[in-house]
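Trainee: Here is what each chain is made of, one letter per residue.
Number of protein chains: 2
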Amino acid sequence: MTEPLKLGIAGLGTVGAGLLHLLEVHNARVADHLGRPVKVMAVSARTRQKDRGVSLAGVRWVDDPVKLATDPAIDLFVELIGGEDGVAKKAVEAALGAKKHVVTANKALLAKHGFELAKLAEKNGVALNFEAAVAGGIPVIKTMREALVGNQVKRVYGILNGTCNYILTKMQDEKRSFADVLKEAQAKGYAEADPTFDVGGFDTAHKLSLLAALAFNTKIAADQIHIEGIQSINQLDIEAANELGYRIKLLGVAQMTDSGIEQRVHPTLVPKDSAIAGVSGVTNAVAIDADFAGSLMLVGPGAGAKATASAVMSDIVDIAAGFVLHPFGVVTSKLKPFKRAKLGQHTGAYYLRLAAYDRPGVMAAITRRMAEREVSLESIVQRRPRGTTIGQMGSNGGQGLLANVVIVTHDTTEESIRKALDAIEADGKVAEKPQMIRIEQL
Amino acid sequence: MTEPLKLGIAGLGTVGAGLLHLLEVHNARVADHLGRPVKVMAVSARTRQKDRGVSLAGVRWVDDPVKLATDPAIDLFVELIGGEDGVAKKAVEAALGAKKHVVTANKALLAKHGFELAKLAEKNGVALNFEAAVAGGIPVIKTMREALVGNQVKRVYGILNGTCNYILTKMQDEKRSFADVLKEAQAKGYAEADPTFDVGGFDTAHKLSLLAALAFNTKIAADQIHIEGIQSINQLDIEAANELGYRIKLLGVAQMTDSGIEQRVHPTLVPKDSAIAGVSGVTNAVAIDADFAGSLMLVGPGAGAKATASAVMSDIVDIAAGFVLHPFGVVTSKLKPFKRAKLGQHTGAYYLRLAAYDRPGVMAAITRRMAEREVSLESIVQRRPRGTTIGQMGSNGGQGLLANVVIVTHDTTEESIRKALDAIEADGKVAEKPQMIRIEQL
Chain A
90 MTEPLKLGIA GLGTVGAGLL HLLEVHNARV ADHLGRPVKV MAVSARTRQK DRGVSLAGVR
150 WVDDPVKLAT DPAIDLFVEL IGGEDGVAKK AVEAALGAKK HVVTANKALL AKHGFELAKL
210 AEKNGVALNF EAAVAGGIPV IKTMREALVG NQVKRVYGIL NGTCNYILTK MQDEKRSFAD
270 VLKEAQAKGY AEADPTFDVG GFDTAHKLSL LAALAFNTKI AADQIHIEGI QSINQLDIEA
330 ANELGYRIKL LGVAQMTDSG IEQRVHPTLV PKDSAIAGVS GVTNAVAIDA DFAGSLMLVG
390 PGAGAKATAS AVMSDIVDIA AGFVLHPFGV VTSKLKPFKR AKLGQHTGAY YLRLAAYDRP
450 GVMAAITRRM AEREVSLESI VQRRPRGTTI GQMGSNGGQG LLANVVIVTH DTTEESIRKA
510 LDAIEADGKV AEKPQMIRIE QL
Chain B
90 MTEPLKLGIA GLGTVGAGLL HLLEVHNARV ADHLGRPVKV MAVSARTRQK DRGVSLAGVR
150 WVDDPVKLAT DPAIDLFVEL IGGEDGVAKK AVEAALGAKK HVVTANKALL AKHGFELAKL
210 AEKNGVALNF EAAVAGGIPV IKTMREALVG NQVKRVYGIL NGTCNYILTK MQDEKRSFAD
270 VLKEAQAKGY AEADPTFDVG GFDTAHKLSL LAALAFNTKI AADQIHIEGI QSINQLDIEA
330 ANELGYRIKL LGVAQMTDSG IEQRVHPTLV PKDSAIAGVS GVTNAVAIDA DFAGSLMLVG
390 PGAGAKATAS AVMSDIVDIA AGFVLHPFGV VTSKLKPFKR AKLGQHTGAY YLRLAAYDRP
450 GVMAAITRRM AEREVSLESI VQRRPRGTTI GQMGSNGGQG LLANVVIVTH DTTEESIRKA
510 LDAIEADGKV AEKPQMIRIE QL
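Going down the list, the protein sequences come from chains A and B. Take the numbering used here: the last position of the first sequence gets the number 531, and nothing is skipped along the way. Take the numbering used here: the last position of the second sequence gets the number 531, and nothing is skipped along the way.
Calculated from the structure, these hints are not laboratory results. Just so you know, not all the hints are guaranteed correct.
Since the list gives no way to pick one copy over another, a pair counts as held whenever it fits inside one copy or between any two copies.
Below, a list of computed lysine-lysine pairs in the PhoX-like style, where the Cα atoms sit at most 25 Å apart [to be verified]: (1) Lys277 - Lys259; (2) Lys156 - Lys277; (3) Lys128 - Lys423; (4) Lys243 - Lys425; (5) Lys156 - Lys522; (6) Lys272 - Lys212; (7) Lys361 - Lys264; (8) Lys361 - Lys259; (9) Lys139 - Lys361; (10) Lys361 - Lys128; (11) Lys277 - Lys522; (12) Lys201 - Lys425; (13) Lys243 - Lys428; (14) Lys522 - Lys264; (15) Lys259 - Lys243; (16) Lys188 - Lys423; (17) Lys431 - Lys522; (18) Lys139 - Lys243; (19) Lys264 - Lys277; (20) Lys428 - Lys128; (21) Lys308 - Lys259.
Chain A with its partners taken away, still in its complex shape (with noise of 0.2 Å):
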């Protein structure tokens, strides 16, 4: 095992430049590590004329990635061109095909097509390595699929979106809008000019499909997420978690159930006290509850040149030292088909907020509707907010103040809180769409 270790890498974006300064960095560390060097032997990026900070001197340039993918130079094929389909999904599957070994950070082409891509790797008896497509630089795909063998997974959670943290950080600790904070974020290059696929939950999604996936030995089902954003989070929200003791954190949460498994993506309050509470700014976090490990968390940098370079070595060394697993955990004829637990059946405590017409017989109006659902609530607090006028707080149509009521319940079924609160808006005694907020038990 003196040989090289041949790369081929397509996509010279942010974490291509990144893999190739890694490895002009560390190239003897990891040579000392594996008993054999790595070496890039092509690439394959848009543009050739382009100062990534980093010598290409001695590596072959191949103009059509696919052609690069069964470059006869090459072991293995590192896919850094993103997007679900076109060019990337081509050259990963000419790879895998040429039995070249593949590592991607590619985390919507997987959630997609992860499972054939799978199939063709076992196939052809090589490798389909994705550390970096799931929470950045935190190794949890090797802990999943490694170390946590000899477990049964119950529950996978996790902060996977920095955009997502940075937004909520900020708009707790400077107490500000999501629009400004957005607009700040974009203009620091946290957010995209178009953010929906961040802040709307979608990013999570993916990888909390790869995630599940690993967990439950499932096929991925990225279309079986129940999915929303942070843009309906505003400062009421944040501010009375903070007085009820929580934080506000996107979540992406995959947990098993008598039902079936629940995969969803929501703002979610937890304890302020909690190790994820205190996950602040662009870190991310993943959470596994297993049967024997118990409780882990992992924390780092979820995104970033550097980060992302490191997860994608991570799975380069394990090739070059032999070790190829199936990508999914088990050969993929015993992945099991994915079934969905029925979102209204979640049980869990709920955060509500309603902008109630400040009357009487409004309060004795929700609590009846709470109660003919059999929701028992732990909390309700009622205020007119600070400084709010009754045309910030929604369209009111003149029909008196408005007051804040804030509830948090017990632990109840999903469908009882979405029949309550459609209850309570057929009676007309709201003037906006209630917030319902999910508590998540740590």
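Following the hints, put chain B in place on chain A, whose structure we already have.
Mentor: Only chain B this time, still in chain A's reference frame:
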């Protein structure tokens, strides 16, 4: 690779029984992941007659663990006997010499003999895995040895002893004394009858020596560690730290500096809103600062039958999959000699608490001594502790009332602090040895 991997297990205490339990529950799962089963062929323990809650049907009993270690029927020897020398060492040496892979949870053995044992493993082409030796179920060895190969680690630190963290958490939350909480911990089985090994920091030091060797690719230097326990921490410190925005944790810290490697175990002030401050009770945490991956933190149960069994199983699974690594990442001939940094040159901020005589000129004398050593102060607070009488604060020989002076310094060297405190003591301005707690930059 459909032949079973055949185990011999020596030591059937909590962890050994936990491992047998795990293998009972998850045998099919493990076989699904590996494509081959894992089978216990023979065991050895002190007492044969004891209900361990697991079946030993079909498993051969071997009285002598050293004999079990070389048993022709086994591929892998699991050492769960414990102890830095004696039969555990003899058995592990025998197993490696007979070309059996070894998995051990024995931190004391590795801290003392890890280098020689790693050499023996290499010579015989077998694995020596020890995930369970550090931080129980947390996959920190895997993370450092595999996931971070493409990184230079700059610092590794953590809460590595659940007993200490339990005691400090209780002292914080319930405003109770060290002695009182220790007694409770002993009653609950979280602390030994002789608690010195835990509360004195020695257990943390063993684990730290292994982490440092992995982090810096140096020889294990368990005798080159500055060790302070938590016995001197009292409510005055806990409360003052709280008011200053800190929590007190017993950390093991290994850090690369310009003058060598610092290995230190001591109570540490960490910012209240840091993720590690939120790690409470018996939970462990390991944080790693690496040049590419960034700052990672892994949190989880540091002990217990199930969590430790999960870690042992992780090691077994890797071996079953044919993955044999150098025990400390690189071949032992490449492990560098350990160069110890002088603690006097340690740079950081310090918390100091002085029981000063409440007389004119005392504060001036204290601050002058600090100034002489160019220690600059971030804050200084003087007050008489609530409800404390002279006798409770120390023997002051009737020289007047005592004031509690709490100082937080800016970054300075340990040598400067020590000299300043020596001078203050020599001046006769304080009634007891000053309390000094390092503040760690996170």
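Trainee: Hint by hint, note whether the structure agrees.
Mentor: Hint-by-hint comparison with the structure:
In this assembly of identical chains, the alpha carbons of lysine 277 and lysine 259 lie at most 25 Å apart only when taken from the same copy (13 Å versus 42 Å across copies). In this homomeric assembly, lysine 156 and lysine 277 never come within 25 Å of each other (Cα to Cα): the closest approach is 36 Å inside a single copy and 64 Å across copies. Taking the closest pair of Cα atoms, lysine 128 and lysine 423 come within 25 Å of each other only across two copies (21 Å); inside a single copy the shortest separation is 35 Å, beyond that limit. Taking CA atoms no more than 25 Å apart as the test, lysine 243 paired with lysine 425 passes inside one copy only; the shortest distance there is 16 Å, against 42 Å between copies.
In this assembly of identical chains, lysine 156 and lysine 522 lie within 25 Å of each other by CA distance neither inside one copy nor across copies; the values are 53 Å within and 73 Å between. In this assembly of identical chains, lysine 272 and lysine 212 lie within 25 Å of each other by CA distance neither inside one copy nor across copies; the values are 47 Å within and 60 Å between. Proximity of lysine 361 to lysine 264 under the C-alpha cut-off of 25 Å is found in both arrangements, the shortest distances being 17 Å within a copy and 20 Å between copies. Proximity of lysine 361 to lysine 259 under the C-alpha cut-off of 25 Å is found in both arrangements, the shortest distances being 16 Å within a copy and 18 Å between copies.
Proximity of lysine 139 to lysine 361 under the C-alpha cut-off of 25 Å is found in neither arrangement, the shortest distances being 46 Å within a copy and 45 Å between copies. Neither within a single protomer nor between protomers do lysine 361 and lysine 128 lie at most 25 Å apart by alpha-carbon distance, with minima of 47 Å and 45 Å respectively. Neither within a single protomer nor between protomers do lysine 277 and lysine 522 lie at most 25 Å apart by alpha-carbon distance, with minima of 33 Å and 50 Å respectively. Taking CA atoms no more than 25 Å apart as the test, lysine 201 paired with lysine 425 passes inside one copy only; the shortest distance there is 17 Å, against 46 Å between copies.
For the homomeric pair lysine 243 and lysine 428, the shortest alpha-carbon distance inside one copy (15 Å) is at most 25 Å, but the shortest distance between copies (45 Å) is not. Proximity of lysine 522 to lysine 264 under the C-alpha cut-off of 25 Å is restricted to the intra-copy arrangement: shortest distance 23 Å within a copy versus 45 Å between copies. In this homomeric assembly, lysine 259 and lysine 243 never come within 25 Å of each other (Cα to Cα): the closest approach is 32 Å inside a single copy and 29 Å across copies. Taking the shortest alpha-carbon separations for lysine 188 and lysine 423, only the intra-copy value of 22 Å comes in at or below 25 Å, while the best inter-copy value is 34 Å.
For a Cα distance limit of 25 Å, the shortest separation of lysine 431 from lysine 522 inside one copy, 23 Å, qualifies, whereas the shortest one across copies, 64 Å, does not. Neither within a single protomer nor between protomers do lysine 139 and lysine 243 lie at most 25 Å apart by alpha-carbon distance, with minima of 47 Å and 32 Å respectively. Proximity of lysine 264 to lysine 277 under the C-alpha cut-off of 25 Å is restricted to the intra-copy arrangement: shortest distance 19 Å within a copy versus 44 Å between copies. Taking the closest pair of Cα atoms, lysine 428 and lysine 128 never come within 25 Å of each other, the shortest separation being 43 Å inside a single copy and 32 Å across copies.
For a Cα distance limit of 25 Å, the shortest separation of lysine 308 from lysine 259 qualifies neither inside one copy, at 37 Å, nor across copies, at 44 Å.
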